[in-house]
Amino acid sequence: MAIENICAGNYIAHVDPDEERVQLLADHLHNTAYLAEKNCPLSELKSLARLILLLHDAGKLREDFQEYMKDILEKGDKAPKRKIDHSSAGGRLIEEIAKNTLTAKVAAYVIYSHHGIQDLIDFESGKSLSEQRGEKEIPYTQIKNRYYELEDKAHIRDLALRAHKDFQALRKNVVTRLQEMLLEDSEYRYGHSDFYLGMFVRILMSLQIDSDWSDSAAFSDHHPLPERMSEDDMMEVWRIARSNFDKYIENLAAFGDDSPLNVQRNAISELCYQASAQSCSRYRLTVPTGAGKTLSSLRFALNHALKYKKRHIIYVSPFNSILLQNSENIRKAVGNPDYVLEHHSDIVFETEEEQVVYQKLTENWDSPIIATTAVQLLNTLFSGKKSSIRRMYNLCDSVIIFDEIQAIPVQCAELFNLAVNFLSEFAGTTVVLCSATQPSLAKRKENDVMPCLEMAGDPGGYAEDFQRVDIEDKTEFIPGGMEIEDLKNFVVDVATNQDTILVIMNTRSSASKVYQVLQEEAKEQNWKCFHLNKNMCNAHIRDELVALKDALKGHKSGEKIICVSTQLIEAGVDLSFSCVIRSLAGMDSIVQAAGRCNRHKELDRGKVYIVKMSQAAEHVERMEEVNQAQKACESFLFKFHQNPESYHFQLDSQEAICRYYELFFAGLEKDKMKYPIRMEETDMTLVDLLGVNEAGKVRYQKCHEASGQTIKKWLPVNQAFYTAGQAFQAIQEQEKVNVIVPYNDEARQRIGGLGASRSVSDHKQLIRELQRYAVGIAPWQLEKLGNAVYKIAGDLALALNEDYYDTKLGITMEAKHNLLLV
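Numbering (the numbering used here), first residue to last: 3 to 824.
Bear in mind the hints are in silico, worked out from the structure with no lab data behind them.
Everything numeric in this text was worked out from a predicted model, so none of it was measured.
There's no promise every hint is true.
Said to hold, decoys possible - Pairs of lysine-lysine residues, derived as DSS-like cross-links and limited to a Cα-Cα distance of at most 30 Å, are as follows:
#1 311 <-> 249
#2 558 <-> 525
#3 129 <-> 101
#4 447 <-> 476
#5 786 <-> 818
#6 562 <-> 810
#7 555 <-> 334
#8 138 <-> 387
Generate the whole structure from the sequences, applying the supplied hints.
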């Protein structure tokens with residue numbers, strides 16, 4: 003609609019000055035309300051979602067906003083920028099309509115937050131968000147009168163009443179279900195109801211963001227409103243994908259054999275298929291490494307999604323290396339790559355247009371199958387970024403497969419448990435927890451995962467056939483731990499009886515040092531020696547893995563192949579060695595390392611040795627999680643040697659893993675698994691901030707008691723969403739700086755290309771393409787490298803001098819010519 007056609011009482015929501023078009027506010031409110039209600043995955047939230055979107059932009063009815071829109075329409079970019087509050091009015095309207103109810107509080111909060119999430123209680127002032135917005139000077143009477151010109155007041159009140167009844171029923175269901183599951187000695191064994199109510203609020207925020215952005219984009223791009231795939235079309239996708247999967251498995255079986263391992267893999271797959279018919283919402287798939295859990299869990303998911311009409315299948319991996327491999331396997335298995343959206347940081351596109359399309363797809367995850375990382379999934383659940391929150395509602399009514407869950411960061415453990423409980427118990431989602439080393443086997447007194455069904459039955463039923471290795475404890479081999487030279491000698495001794503050996507260290511520097519001393523031995527003995535390390539860029543790591551796989555594939559008896567690696571090789575890499583030597587770590591890491599030994603049972607038994615390095619040889623004292631895992635493992639090994647029959651004489655038995663996790667959890671600092679933070683000299687946790695928020699309540703009480711007010715009743719939604727969202731990082735680690743390295747000719751040419759005169763968008767595209775050549779280094783490394791690191795493309799990226807990148811070690815702290823002199 004052009005400006006000259008705007009009649010009195012037709013209020014503007016958006017303008018397009020280039021084409022002199024406007025979108026009327028009434029259209030925007032009804033479009034977004036339609037999308038929110040239609041896309042809402044939970045029936046109890048549909049009325050509330052519609053109500054919120056009908057009110058979310060009511061503040062745009064103020065006269066100064068309308069004048070601003072007309073100014074932009076007439077002057078375009080030359081119109082002076084103005085900041086006009088248009089999120090307060092809608093929240094105040096619903097608080098007036100549904101006075102002092104939980105529904106009013108929730109709806110108002112979501113509306114207040116539609117340009118960025120907020121805390122319900124301000125930590126500085128102690129005031130509630132409602133109080134703060136009530137104090138804002140806005141032309142509220144004008145807005146209210148104009149709003150009821152657009153919307154029938156009785157209709158809005160009726161909608162608010164329906165929303166209130168539905169939300170009250172939903173709240174009652176949460177409280178009742180938690181009470182039904184309570185154990186006498188642990189009131190919050192499975193979490194607090196306030197946390198789960200907060201997750202419903204996040205779903206409403208997700209629907210608001212997605213609906214608002216989708217309608218605005220439709221107006222901007224001249225497109226109709228986006229329509230999600232219908233239920234019938236989605237079921238047809240699952241039918242086709244399942245049929246293609248069955249054919250894929252048949253073809254694999256035709257080239258397989260009837261070895262005991264394959265017999266058990268097929269049996270596990272069949273058990274997963276049978277489990278897919280059950281209506282359970284939480285499963286564990288506890289199978290040994292190499293048992294084929296990716297395809298077995300996908301078989302479950304496809305059948306379960308079809309039977310129970312699920313919207314999505316989401317495969318979640320903790321590591322990009324696993325995700326890259328398994329995403330390709332999933333695409334092949336379902337027979338149509340268009341069904342699968344792969345979302346992680348290693349995706350690179352040739353053109354900016356492809357990047358834009360991909361960005362839109364990843365913003366809402368509206369694809370049948372999503373393959374993503376644990377980082378992206380955890381950000382969707384807990385990050386404060388609107389682009390992450392937008393995806394939240396698509397986690398509902400889905401099947402989510404969490405692979406290698408033992409790798410979930412410790413500080414996220416209870417948040418993760420509560421998210422699993424919420425999605426599976428209250429959001430219609432079926433969750434599958436996959437691992438050979440299940441942390442959930444060790445029970446927690448607070449915020450534990452609700453009971454799960456073992457998808458493939460009792461793990462003990464097939465554990466014996468998967469016993470491919472003997473794990474030996476050599477941690478006392480040298481009192482105080484081995485030095486680098488001691489480990490070299492140990493490897494040389496082992497090599498007298500073993501042809502292919504994998505050595506896994508806890509740190510990059512120790513792995514490099516062990517590789518260097520073994521490389522000297524390898525030259526004398528004519529051994530093949532390989533090295534894998536995060537000091538290498540991804541392209542380098544992949545090339546080294548290909549060379550290593552080729553060497554192992556062409557291995558001849560008597561030939562020695564040695565690989566020294568950090569833990570990047572431990573999960574999802576299909577390599578098999580006759581022997582693995584693992585520097586002391588957690589039992590989960592040791593079992594994963596053992597999965598690279600005799601993987602396909604080429605030998606009767608493989609050998610796995612646990613060794614302990616000295617503090618000087620492997621500095622892990624600052625690596626808090628590794629340090630704690632080592633202590634717990636040493637305690638467990640001591641108990642194992644005292645009473646090995648309790649663990650069936652196997653260090654990797656389920657009883658052993660359970661006992662290890664009990665010791666590991668018991669040794670953690672207080673609240674370590676609740677995601678602890680410190681703010682304003684006060685210790686807090688994200689579990690509390692996203693639940694009861696005691697810290698916020700204390701501030702609220704102090705503020706109001708000082709002014710003589712009394713708190714009569716707490717409504718159970720007081721979360722500090724903003725503070726928690728700002729603090730949350732899925733992976734807490736030392737700050738890393740990405741440096742692009744001149745690994746090969748292509749990298750050198752592209753780095754040189756960034757020095758040429760180009761547009762900012764061209765530079766950004768080249769930098770995206772160079773991500774495969776980037777290495778994350780710590781600030782101290784950056785400082786030590788000094789002028790060896792230089793800026794390219796203005797200030798957009800950093801590159802490394804060629805003399806400081808070694809084709810075997812990756813980034814080095816000294817120039818290569820100096821290394822040759824050592």
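task: Given the hint that residue 558 pairs with residue 525, test it: the Cα-Cα distance must not exceed 30 Å.
output: Holds. Residue 558 to residue 525 sits at ~18 Å (cutoff 30 Å).
- prompt: Does residue 818 lie within 30 Å of residue 786 when you go C-alpha to C-alpha?
  reply: Cα-Cα ~15 Å, so holds.
task: For the pair we were handed, residue 311 and residue 249, check the Cα-Cα distance against 30 Å.
output: At roughly 22 Å apart (the allowed maximum being 30 Å), residue 249 and residue 311 satisfy the hint.
query: Within 30 Å, alpha carbon to alpha carbon, are residue 129 and residue 101?
result: 18 Å, holds
task: Decide if the proposed pair is consistent with the structure: residue 138 and residue 387, CA atoms, cutoff 30 Å inclusive.
output: Given pair residue 138, residue 387 holds - Cα atoms ~25 Å apart, limit 30 Å.
message: Would the hint linking residue 555 and residue 334 be met if the CA-CA limit is 30 Å?
response: 23 Å, holds
task: Would you check the hint for residue 562 and residue 810, treating anything up to 30 Å between C-alpha atoms as holding?
output: Holds: residue 562 and residue 810 sit about 18 Å apart, inside 30 Å.
query: Does residue 476 lie within 30 Å of residue 447 when you go C-alpha to C-alpha?
result: Violated, at roughly 34 Å.
Checked against the numbered hints given earlier, this structure breaks only hint 4.
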